[in-house]
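Q: Since the structure of chain A is already known, use the hints to place chain B on it.
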Amino acid sequence: MIDISKFDKILKKVEKPARYIGMEKNSVKKNLEQVKVKFAFAFPDVYDVGMSHLGLHILYNLLNNEEDIACERVFAPWIDMEEQMIKENIPLFTLENKEPISNFDFIGFTLQYEMSYTNIINMLHLGGIPILSKDRKDTDPLVIAGGPCAYNPEPIADIFDFFVLGEGEEIILEILNLYKEHKERGFSKCEFLKEVSQIEGVYVPQFYEVYYKEDNTIDRMIPIVEGVPEKINKRIIKNLNNSYYPQKLIIPFIEIVHDRISLEIFRGCTRGCRFCQAGMLYRPVREKDVDTLLNLAEKLVESTGYEDISLTSLSSCDYSQLQLLVAELMKRYEEKHISISLPSLRLDSFSLGILRDIEKVRKTGLTFAPEAGSQRLRDVINKGVTEEDLERAVTFAFSEGWSTIKLYFMIGLPTETQEDLLGIKKLGYKVKDMFFKMPKEERKGNLKITLSASCFVPKPFTPFQWVGQNSVEEFNEKVKLLKNEIRDNKITFNYHDPKLSYLEAVLARGDRRLCKAIIRAWEKGCKFDGWSDIFDFSKWMEAFEETGIDGDFYALRERSFEEVLPWDFIDIGITKEYLIKEYKKATNGQLTRDCRLGCNNCGINRSFLGGVC
Amino acid sequence: MLMNLWIKFTKENYLKYISHLDLMRMFQRTFRRCNVPIKYSQGFNPQPRMTIGNPLALGIESSEEFMEIELYKKMPVDEFINTVNKELPQGIKILDAKYVDSKSSISSFIDWSYYEMQFVVNNIIDLTSLKISFQKLLEKDKLTIEKEKRKGNKITIQEKDVRPFIGNLTISEEKSEKISGNKYLITINCLLKSGDKGNLKPTDLLKVIEKYADLDIDSDTVEIKRLRIYSEIENRIEPLM
Numbered sequence: 000m001i002d003i004s005k006f007d008k009i010l011k012k013v014e015k016p017a018r019y020i021g022m023e024k025n026s027v028k029k030n031l032e033q034v035k036v037k038f039a040f041a042f043p044d045v046y047d048v049g050m051s052h053l054g055l056h057i058l059y060n061l062l063n064n065e066e067d068i069a070c071e072r073v074f075a076p077w078i079d080m081e082e083q084m085i086k087e088n089i090p091l092f093t094l095e096n097k098e099p100i101s102n103f104d105f106i107g108f109t110l111q112y113e114m115s116y117t118n119i120i121n122m123l124h125l126g127g128i129p130i131l132s133k134d135r136k137d138t139d140p141l142v143i144a145g146g147p148c149a150y151n152p153e154p155i156a157d158i159f160d161f162f163v164l165g166e167g168e169e170i171i172l173e174i175l176n177l178y179k180e181h182k183e184r185g186f187s188k189c190e191f192l193k194e195v196s197q198i199e200g201v202y203v204p205q206f207y208e209v210y211y212k213e214d215n216t217i218d219r220m221i222p223i224v225e226g227v228p229e230k231i232n233k234r235i236i237k238n239l240n241n242s243y244y245p246q247k248l249i250i251p252f253i254e255i256v257h258d259r260i261s262l263e264i265f266r267g268c269t270r271g272c273r274f275c276q277a278g279m280l281y282r283p284v285r286e287k288d289v290d291t292l293l294n295l296a297e298k299l300v301e302s303t304g305y306e307d308i309s310l311t312s313l314s315s316c317d318y319s320q321l322q323l324l325v326a327e328l329m330k331r332y333e334e335k336h337i338s339i340s341l342p343s344l345r346l347d348s349f350s351l352g353i354l355r356d357i358e359k360v361r362k363t364g365l366t367f368a369p370e371a372g373s374q375r376l377r378d379v380i381n382k383g384v385t386e387e388d389l390e391r392a393v394t395f396a397f398s399e400g401w402s403t404i405k406l407y408f409m410i411g412l413p414t415e416t417q418e419d420l421l422g423i424k425k426l427g428y429k430v431k432d433m434f435f436k437m438p439k440e441e442r443k444g445n446l447k448i449t450l451s452a453s454c455f456v457p458k459p460f461t462p463f464q465w466v467g468q469n470s471v472e473e474f475n476e477k478v479k480l481l482k483n484e485i486r487d488n489k490i491t492f493n494y495h496d497p498k499l500s501y502l503e504a505v506l507a508r509g510d511r512r513l514c515k516a517i518i519r520a521w522e523k524g525c526k527f528d529g530w531s532d533i534f535d536f537s538k539w540m541e542a543f544e545e546t547g548i549d550g551d552f553y554a555l556r557e558r559s560f561e562e563v564l565p566w567d568f569i570d571i572g573i574t575k576e577y578l579i580k581e582y583k584k585a586t587n588g589q590l591t592r593d594c595r596l597g598c599n600n601c602g603i604n605r606s607f608l609g610g611v612c
Numbered sequence: 000m001l002m003n004l005w006i007k008f009t010k011e012n013y014l015k016y017i018s019h020l021d022l023m024r025m026f027q028r029t030f031r032r033c034n035v036p037i038k039y040s041q042g043f044n045p046q047p048r049m050t051i052g053n054p055l056a057l058g059i060e061s062s063e064e065f066m067e068i069e070l071y072k073k074m075p076v077d078e079f080i081n082t083v084n085k086e087l088p089q090g091i092k093i094l095d096a097k098y099v100d101s102k103s104s105i106s107s108f109i110d111w112s113y114y115e116m117q118f119v120v121n122n123i124i125d126l127t128s129l130k131i132s133f134q135k136l137l138e139k140d141k142l143t144i145e146k147e148k149r150k151g152n153k154i155t156i157q158e159k160d161v162r163p164f165i166g167n168l169t170i171s172e173e174k175s176e177k178i179s180g181n182k183y184l185i186t187i188n189c190l191l192k193s194g195d196k197g198n199l200k201p202t203d204l205l206k207v208i209e210k211y212a213d214l215d216i217d218s219d220t221v222e223i224k225r226l227r228i229y230s231e232i233e234n235r236i237e238p239l240m
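Protein sequence lines correspond, in order, to chains A and B. With numbering that gives the first Met the number 0, letter number 490 in the first sequence gets 489, and the count goes up by one each step, no holes. With numbering that gives the first Met the number 0, letter number 95 in the second sequence gets 94, and the count goes up by one each step, no holes.
If we strip away everything but chain A, and leave its shape as in the complex, we get (with noise of 0.2 Å):
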């Protein structure tokens, strides 16, 4: 444990104390001297972002209900935390026994976002934990990580000791389990890493080797560790009606960014667009039934008092028995306070009828995703939406008293032209005027119109893997297109920051090359990379030229077919040659049906069982 009457004075001069106490309901705390597996579940975010992360709670829970192992969280502490922590000689710990991560036998971190990784060096440089794997002994912990960034792991390959690829909950007791056996007799953190090697689904980046050729481009990776597999298969659950799901939650004292019962529906979506990293990552569909989610709800308001249950996938509204679902729960829960909320929503009449019955008296802001200004380009996108869904949807919102809108966008996508960018304007320019449109006695409220651009950042295992991001200065150019056009003052536009977005994409795709320029990075002090107001892009290109690190030619090159990626050893379940049909028909604008209507043979039936496909 940590010098307790030290962290006692430090809290007292950092903001948001409540994030190191630990002690929530539902947390647990075990003695640590009884266990045989010591696991500290990472987070390279601040507490109240990474208490927001579903996969958290239920590996916590799912781990915790092994008798013999201890899983404890830790944070990325704020700047003001961390300061103090340096000065007073504290070294990061986890928030249930106040035990120093290098303690634990795994440190085990979520990679949720590129913008976290120096938030990892960081983290562990804080717990006295050597950085690069070939640096760590045997009795270090090993350091592995797992989430839809771990499907490219090659830019902190030399930070991980493995990746765990696919869904946690089948994979994680297998690995401790076999962890627990060379524990007793006796640990070899080589030996270990060999057999742990033969998991399906665990990747041990120091097991391969990568050829470049003259371009810099990828000539091969080839194992370089007899036995170990060429290709690594994302692990997946079957049936989700039959997976561990957690029937308590850690109830924060503080207010977290998500702070409600989430109650996950299905996983995967059979929608295609092509921008959509997560589609493609966790597909099959796979949905739970609506009797098990019942229970679930259930056991969860009763272990959490939460006051809203929100039904979270990547696409809520497409889950088959809907409305049934929502008519349960609140007739179950209406009485009790407990309100029912969906996160995402289609532009369509069924999901705004549900919606009209869940938020019967609040009427908080809606928000839509046309993603692209232009019908051309929403169908380059596969983002199966037409003008006339968003009238439909906007006309039947104000009708219903919504006043507040909130639209968003992608800038920066393939073929994009002026014109399509011209479209967001026009878009907003509609929904005001069919405000206005309206009898003046009809409408309700005042008419609020927010236009939000993003800068498109082209993602591995999606049928845009292979495009050059626009640059910094193109997307400048394109933002001050639009600020300039559209000047009203019911409609605002705002817009994410290029530079973040290059950064992202540089991170992204790219290769092992890269993890020298993070740890560069993180030592001239950048961390907390994706807070814009913490974010420092000139630290980030001066550690890139110290480095030898060209960022253009992660982020804006285009590749081709045939070059290797440096995720390519990484099998989704999804065919190379349905990600490349699908860029082909993007650039002609060819749309592809939801699979639900019918198969599109991307392969994921032929490596998976179930599912719907």
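For the record, the hints were derived by calculation from the structure and aren't laboratory data. Warning: the hint list may mix true and false statements.
List time: in silico PhoX-like cross-link candidates among lysine-lysine, alpha-carbon distance up to 25 Å [said to hold, decoys possible]:
hint, chain 1, residue 1, chain 2, residue 2
1, B, Lys224, A, Lys24
2, B, Lys224, A, Lys11
3, B, Lys7, A, Lys24
4, A, Lys498, A, Lys429
5, A, Lys193, A, Lys212
6, B, Lys148, B, Lys92
7, A, Lys97, A, Lys12
8, B, Lys73, A, Lys335
9, B, Lys38, B, Lys135
10, A, Lys424, A, Lys443
11, A, Lys24, B, Lys139
12, B, Lys139, B, Lys73
13, A, Lys247, A, Lys298
14, A, Lys5, B, Lys196
15, B, Lys148, B, Lys174
16, A, Lys330, B, Lys224
17, A, Lys11, B, Lys200
18, B, Lys139, B, Lys206
19, B, Lys146, B, Lys224
20, A, Lys15, B, Lys224
21, B, Lys177, A, Lys298
22, A, Lys11, B, Lys38
23, A, Lys35, A, Lys182
24, B, Lys148, A, Lys28
25, A, Lys11, B, Lys196
26, B, Lys85, A, Lys28
27, A, Lys12, B, Lys200
28, A, Lys8, B, Lys177
29, B, Lys85, A, Lys29
30, A, Lys247, B, Lys92
31, A, Lys425, A, Lys330
A: Relative to the frame of chain A, chain B by itself:
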């Protein structure tokens, strides 16, 4: 029908670091887990009817806080205390509860708070001289501190006389001791006006004694705990329950 429940509870140890709103949310969720038949407000955004009388500032402990909740169905007091205590986090505990028949809110009954404060002072000759300077301080008609006033973006500083808000100030000798030289650990007790009819924050009292007793207090060491809350009835102070 007596459906208003007054609740006496503690807020101790690390739970001093959760804010008033955090505490409200925590109780709301605890009550739901315990099926406490709490009444909700009418209107667009129904909220549970609960009030915490005189909320504490972040970082201050308390061995006696008060809350009032309104129920739609009576729940026996013992049952209420037992069920809810099982669900509360370490550091928060219900000590007592009673149904009251009163139209005015619990806040209007709160007039005084009794605190214990502990801190390190760097410039004390001995405890006796400190005692004397406290006596002199209390003999003054006026004790002013500077208070920031915000009006929009403007911040103005005003002098405020807080003497009427100080009921009592004593040194707890058994909990005070010399550390080294002129450095002492000091524990004081004070009775300060609390609530809608006048309020003095304990940290403001520290400003007063720093100024008038000329003390150099090490602000990193300050620990504050509220011990009791009182009502003032006809010039007498009485516990709320």
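Q: Of the hints stated earlier, which fail here?
A: 4, 5, 6, 9, 11, 12, 14, 15, 16, 21, 22, 24, 25, 31
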